[in-house]
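**Student:** Required output: the full structure, derived from the provided sequences and hints.
Chains as they are written, first to last, in this note's numbering: chain A, 1 to 289; chain B, 1 to 234; chain C, 1 to 260; chain D, 1 to 324; chain E, 1 to 380.
One thing to keep in mind: the hints can contain errors.
Said to hold, decoys possible - Derived pair list, reagent style DSS-like, types lysine-lysine, alpha-carbon separation capped at 30 Å:
hint : chain 1 : residue 1 : chain 2 : residue 2
1    : B       : LYS195    : B       : LYS178
2    : B       : LYS154    : B       : LYS111
3    : B       : LYS116    : B       : LYS178
4    : D       : LYS310    : B       : LYS87
5    : B       : LYS20     : D       : LYS310
6    : B       : LYS154    : B       : LYS195
7    : B       : LYS20     : B       : LYS195
8    : C       : LYS187    : C       : LYS215
9    : B       : LYS20     : B       : LYS111
10   : C       : LYS125    : B       : LYS195
11   : B       : LYS87     : B       : LYS195
12   : C       : LYS111    : C       : LYS125
13   : B       : LYS20     : C       : LYS187
14   : B       : LYS87     : C       : LYS187
15   : B       : LYS20     : B       : LYS154
16   : A       : LYS88     : D       : LYS251
17   : A       : LYS88     : B       : LYS87
18   : B       : LYS87     : B       : LYS71
19   : B       : LYS195    : B       : LYS111
20   : D       : LYS310    : C       : LYS125
21   : D       : LYS313    : C       : LYS111
22   : B       : LYS178    : B       : LYS154
23   : D       : LYS313    : D       : LYS251
24   : B       : LYS123    : B       : LYS87
25   : A       : LYS88     : D       : LYS310
26   : D       : LYS310    : C       : LYS187
27   : B       : LYS71     : A       : LYS88
28   : D       : LYS251    : C       : LYS125
29   : B       : LYS195    : B       : LYS71
30   : D       : LYS313    : C       : LYS215
31   : D       : LYS310    : C       : LYS3
32   : B       : LYS195    : C       : LYS187
Claimed, not checked - Just a sample of chain D residues kept apart from chain E, beta carbon distances all over 10 Å, derived:
hint : residue
33   : ALA142
34   : TYR163
35   : GLU185
36   : VAL288
37   : ILE300
Just so you know, the hints here were simulated from the structure itself, not pulled from any lab data.
Predicted model only: the values in this text are computed from it and were never measured.
Each residue gets a CB set at the ideal place from its N, CA and C atoms; glycine is no exception.
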Amino acid sequence: MDLLIDLVQLSIYGIVLGSILTLGAIGVSMIFGILRFAHFAHGDLMTIGAYVGLSFLVFTGLPIWWALPAGMIGAALTALLVDQAVYKHIRRTQPVILLISSFGMALVLRSLVQLIWGPNVYSYSGGIQRPWWFGEIAIVPNHVWILLAAVLIVAALHLFLTRTRMGKAMRAMSDNMDLALITGIPAERVIMLTWILGGALAAGAGVLLGMDSRLTPTMGWNILLPVFAAAILGGIGRPYGAIAGGMIIGMAMEISTLFLEPSYKPAVAFVIMVAVLIVRPQGIFKGTL
Amino acid sequence: MSLLTATDIYGGYGGADILKGAGLRVETDEIVVIVGPNGAGKSTMMKAIFGLLRVRTGQVLYQGDDITNAKPEQMVRRGIAYVPQEKNVFPSLTVEENLEMGAFLMSRDIKPRLEKVYAVFPKLRDRRRQQAGLMSGGERQMVAMGRALMIDPKLLMLDEPTAGLSPLLIDETFERIKEIQALGIGVLMVEQNAKQALAIAHRGYVLATGTNRHEDTGPNLLANREVAEMFLGG
Amino acid sequence: MIKIEHVSKAFGGIQAVDDVSFEVAEGSITGLIGPNGAGKSTLFNIVAGLIRPDSGRISLEGRDITGRRPHQLFHQGLVRTFQIPHEFSRMTVRENLMVVPAGQAGENLFKAWFRWGQVREQDSKVLERVDEVLDFLEISHVADELAGNLSGGQKKLLDLGRTMMTDARAVLLDEPGAGVNRTLLGKISEAIQRLNTERGYTFCLIEHDMDLISKLCDPVHVMANGALIASGPMSEIRQNEQVREAYLGGGASGRMGEQR
Amino acid sequence: MEFAGIAAYLVSFFTFVGIYAILALGLNMQWGFTGQFNIGIAGFFAVGAYTSAILTVPESPWHVGGFGHTFLIGVAGAVIASALLGLIIGWITARLRTDYLAIATIGIAETLRLVIANETWLTNGVRGMSRIERPYADFFQALGLTSAMGSLIVVTAFLVAVYFLVERARQSPWGRVLRAIRENEPAAEAAGKNIGRFRLEAFVVGSAIMGLGGALYAHYFGFLSPEAFLPLYGTFLVWVMLIAGGSGNNKGALLGAVVIWIIWSGSEFVMSATLPDSWSSQSGPLRVLLIGVLLQVILITRPQGLLPEKAPKTVPTGRSRESD
Amino acid sequence: DGLRIGALVPTTGDLQVYGETSLNGIRLAVDEINAAGGVLGENIRLRSGDTQTSPQAGVDAAQRLATIEGVHAFVGALASGVTIPVAQSVSRQEGLAQISGASTSPVITDLDDDDFLFRTVPSDAFQGVALAQIARDEGFESLAVLYINNDYGLGLAEAFSEAFEAQGGTIANSASYEPGQSSYRGELRRVGRGGTEGLVLIGYPENGQTIVRQALEGGFFERFVFTDGLRSPEMISAIGAEFMDGTIGSAPRALDDNPGAQHFRDAYREQHGEVPPQPFMDSAYDAVYLIALAAQRAGTTDRVAIRDNLRAVAGPPGERVYPGEWRRALELLEAGEEINYEGASGSVDFDENGDVPGTFAHWRVENGEIVDVRVFAPEE
Ligand SMILES: Nc1ncnc2c1ncn2[C@@H]1O[C@H](COP(=O)(O)OP(=O)(O)OP(=O)(O)O)[C@@H](O)[C@H]1O
Ligand SMILES: Nc1ncnc2c1ncn2[C@@H]1O[C@H](COP(=O)(O)OP(=O)(O)OP(=O)(O)O)[C@@H](O)[C@H]1O
Ligand SMILES: CC(C)C[C@H](N)C(=O)O
Ligand SMILES: [Mg+2]
Ligand SMILES: [Mg+2]
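**Tutor:** Structure representation (structure tokens):
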């Protein structure tokens, strides 16, 4: 019985963590799908989003939820800028160059966050929330909102990808950039859009992460590997798989603390991921968008 | 005014020039064929015209406008469609999605266009949901042509459209090309099935090592002994 | 030499190969033709070990080779080319060919480290052979070019060149002529013939160029919709109504290579 | 800033660069030659370092060990252990596509780091292992050299040997097959190459070289803790060195190690010399910013690296080639 | 040729926050000494190197300072994981004294450092004992422990648990956590089992805030026991005073009757503004004083001579000298007298291992303020 309660409670925590991972993983997955490289600066885009949201709140005094749109705009613009300033020029080289470049970009973004906001720890709002109790299960109100926000963002993205030709154009681009150009697909516009979406999603993850924990310059970098694990698990390049991947990783990490020394917790994500990769090298979910 | 004229084109891939003064002309409702040995620069010439390769010197005119080194997107907007020799489909998209992508720049309803293409290549209708990357070599060639036709082009540029097609389809393709030309579309194509191609061509160019070797009407080139021996396989 | 027995393969709903059986006789140049999408390449891929058949059996010189990996088959004397060229892009043309010969001592890391002399000596022999092949295919002038920069036709030639680098006994050629200049193709067909008569290579080739097929191949097998619909010498095949309708058509291309 | 000081610094600088160059050469074997995307270098690095440490340190009440073996046995153990690890990982990840291999390897490396941090009996966990001796300090002392110089000599000797082996491997038919596999697997397989075997060989040899780098690291630093094997210094720095130097090119790997370490460590020099004191608290992030920007500049201006890959010279045939 | 001191502090990486304040402390000491006549008649020159909180970068920076810059002694590093490799591969090899003001790992105590490594903070082994005493004084019987998985967390957790149980308390659950996670709820649920009176949390603010918040929100714990790492006003303002009131903790701290601590705070405020909550800046400040005194007493900037004089100036016998009394120290040394430096962070008397015994504050949050209840030396 106790075990059951533990499992339920930890699963709830896992879903909250999973929502955050999912938003990050969808972005990673999309960028991989179009541009064919693992974007190592994605975590730091999350950080930027979270901090922009924070500054927006501080300057305007608006309620906490405004951090979300503000952060999304901030990170989308950052992503766009980074792409135009750097990635654009090396897009035609091998993906590994882009990967290393994105790693350098991660350093740049992180140090900018430090220069602008300093190394201290911030949070969006002081104080804590008392949980609602359902029998022995506790649910914190924020968690409901976080989950809701994640669902809304994913739904909006889904509509965008299926109701517009841009979604298909994105995949076409990821197949064959040259042919896309020849066909008249405005490749640059599609790429820019990808960065805008990816940046906005990253910021979504960052702001929600900030709401659930706190803001530090390394918050995004620290969560990057689980985000990758989620993307991989869902089958990288498949945004919808990322949702399942995020949830599985999130839950597995929380539930693992029941059985394992918690300092092994981050390893849980990796072990699951590696195991899945070995059994199913294409990720757990087949099928495309 | 010619539909397309390219004069004195020099250009290459960064190193030495591949094209060394080649040129050509396509009139509205004319089929023009480029033949020549492998590596002569035929595909390079197509790319240069379509703006995929920097033309170092020389000029490309389309309906009297200078389009030298214009962006591919511009070309498509002006009604030039190009089917490259290799990698000419989006492998992970379905057949129908490949065709849709062909009409990406056209904002109007694409259904009728799709129907038109399916009428030309009925097999594609049967396979509309199949991923293009999993199709046979010949089937892909159809997808690629279909994709190009989606924009209702005024000038259609085909790089070896019949490579890998069955004899029946080769003949059919050349028939289609004639039909397309009859609609008032200029066709510029590179071909290794040179005899059949020249047979339907109004004019032909023989390209070797980046320069024009011969230029004449199709039948004349076919009749030319030297051309036949050196370039058409006797 | 190669015996294909009741081989079938389906991809999802498509029956790509449907209960095909035939034999490639030792020393023959066997042709395989058929409409686009008939399943020819798929059959090749099955024989060459790239795809596992759903059912059926392949044997090479009497030994069952169903499901063997391509590199294992290579060592049993079976090599193939690809319909869409598979070059080693960022290696030079010369290196592309140097990779191929089997049993190079230097492929063993310890020998490469500690028996350098032997390795170099072998390499220079390989190189001589490479240069012969390049000359033959008329692509010596691009020998030091990266293979990825070759023209479409040149890549096909390179692919063919790789099979010439081996001591193969049976060679599967998937459309060696597509995109190759006809004058050169004439020479290539001579080469195939020479390899066949002088060196005893057995060939099985897919081709849509009826000129080449009639000149080289006997017998010819015809596939359509995954199944074998006709076999025999080309002159007979031409008379087959079904083949004419599904494949050859009545046009110039279908009539190519007819005795004039 | 006297000459002796600079010389002494250069000794440590080049020891450092030498160790990283060895790691970069190991990576070149895997990525540059074969296209195996290993971003778990830190894992092999750590296993090599800890193996050698455990084999050589004197007895300690905190963790296993007390074997007190000599330096060379430690190194041999490190090479063997990391080769074995490479064998296992290479084998289980054999079927993985490039990008998946990447994530799998970083996952494995992070897991290994956590094992090192948590399995105290084996590695003394987060407290780290100390008392690892520099190689042949007594011997070099007898020659009138400091232990730092001795380390440099030892590291250089290993670097030269590794360079020689790796370069010869690259020029050999073995290396040619690897590059062929990198470019096109089906074609390499159709050419009769056992892809699995070659890939695994390259992965194992590369891993062993990384393990060697780890052992040298342990003996130079004298102290190991899991912090040294975080991805930033354990993995990414090596990648940056190889890519900036020119992957596929062994000289590039060497040059990359030098240039990137100069940027990494020299940038601080520049910062402290140019920034006013009031900026000092910003100097850290500014320096990282500078590093990031410089890296982008290298990648944009030299996407193939400072020394791009070149095909190895083929043996002259003796036959004179008529020009065409 | 005057005294050159090399400061090894992280201005990037995980401990950057501590690095900045430590550097401020070091600067303050250097400025004070220089203003009061310098060492051996010349100004101290300060050179700093960024350890990036990483052993690789730390060693490289130290090496550069020791060779190119030719410094005569080090202050630093902060993280034990950096301090130890620097000591092993630079300080010991190049033969110069290294005094860390922050590395608290018990490993340092019996490290093979050829006596070149010193520290002005007490080992976590001592603080653990102090913390146990504080927890017992507050009446805790049964506690859960959650500690950061590094040498700092482990050292404190072990020392605390041992001492607490020796004094009759119970450790219900104990677990370590990996820093940088976004959720610690699983960990909290694990240690929260079986009804304990509170949570002993050993870590740094970065993750500490998250953990405390999640502990309260999930209803896992109501009361907390902290160590120096979490003694920070930020923590209280972020969580809310109403939840933090009653939280207790330990921190290395000079005995109250020490005038040095007061001087340090005043001087710091004057030079750098508000005194931040971070620990270790006073201990870094003391390290500079000790090096300067040792050089002055040795009468030379020779590296080994400085090292050899450190114990003499740090501990008894001798006239007590406090921070800000550089002139007086000069005079005493001039007169050939022995001195005993009493620092801003405590008495800083080095034992044979280069450790200092240290005294600790028992602090408590009251009305949102951190209040020192008492300062004491832990009993063995
Ligand atoms: N991996 C696959 N998955 C799904 N369908 C496939 C796959 N490979 C081939 N097909 C389908 O199987 C059929 C046979 O293809 P195959 O490539 O064998 O044809 P082919 O006879 O070689 O044609 P062509 O002469 O045009 O090259 C085609 O309809 C093709 O679309
Ligand atoms: N991307 C490239 N980079 C460098 N050189 C190239 C590139 N593509 C082609 N070349 C070179 O340019 C020359 C002409 O190539 P092109 O593709 O135009 O030939 P082609 O006439 O179309 O031949 P084919 O009939 O074989 O397709 C060839 O020698 C080829 O090696
Ligand atoms: C700056 C401090 C948090 C360092 C810590 N006491 C350690 O020894 O690692
Ligand atoms: Mg071409
Ligand atoms: Mg085929």
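**Student:** For each hint, tell me whether it holds in the structure or not.
**Tutor:** For each hint, the structure was consulted:
no.	hint	result
1	B:LYS195 with B:LYS178	15 Å, holds
2	B:LYS154 with B:LYS111	20 Å, holds
3	B:LYS116 with B:LYS178	16 Å, holds
4	D:LYS310 with B:LYS87	27 Å, holds
5	B:LYS20 with D:LYS310	28 Å, holds
6	B:LYS154 with B:LYS195	25 Å, holds
7	B:LYS20 with B:LYS195	26 Å, holds
8	C:LYS187 with C:LYS215	12 Å, holds
9	B:LYS20 with B:LYS111	43 Å, violated
10	C:LYS125 with B:LYS195	41 Å, violated
11	B:LYS87 with B:LYS195	25 Å, holds
12	C:LYS111 with C:LYS125	17 Å, holds
13	B:LYS20 with C:LYS187	28 Å, holds
14	B:LYS87 with C:LYS187	27 Å, holds
15	B:LYS20 with B:LYS154	27 Å, holds
16	A:LYS88 with D:LYS251	28 Å, holds
17	A:LYS88 with B:LYS87	23 Å, holds
18	B:LYS87 with B:LYS71	20 Å, holds
19	B:LYS195 with B:LYS111	36 Å, violated
20	D:LYS310 with C:LYS125	22 Å, holds
21	D:LYS313 with C:LYS111	19 Å, holds
22	B:LYS178 with B:LYS154	14 Å, holds
23	D:LYS313 with D:LYS251	15 Å, holds
24	B:LYS123 with B:LYS87	20 Å, holds
25	A:LYS88 with D:LYS310	26 Å, holds
26	D:LYS310 with C:LYS187	33 Å, violated
27	B:LYS71 with A:LYS88	17 Å, holds
28	D:LYS251 with C:LYS125	28 Å, holds
29	B:LYS195 with B:LYS71	33 Å, violated
30	D:LYS313 with C:LYS215	41 Å, violated
31	D:LYS310 with C:LYS3	44 Å, violated
32	B:LYS195 with C:LYS187	18 Å, holds
33	ALA142	17 Å, holds
34	TYR163	22 Å, holds
35	GLU185	36 Å, holds
36	VAL288	6 Å, violated
37	ILE300	24 Å, holds
Going through the hint list in order, the structure does not satisfy hints 9, 10, 19, 26, 29, 30, 31 and 36.
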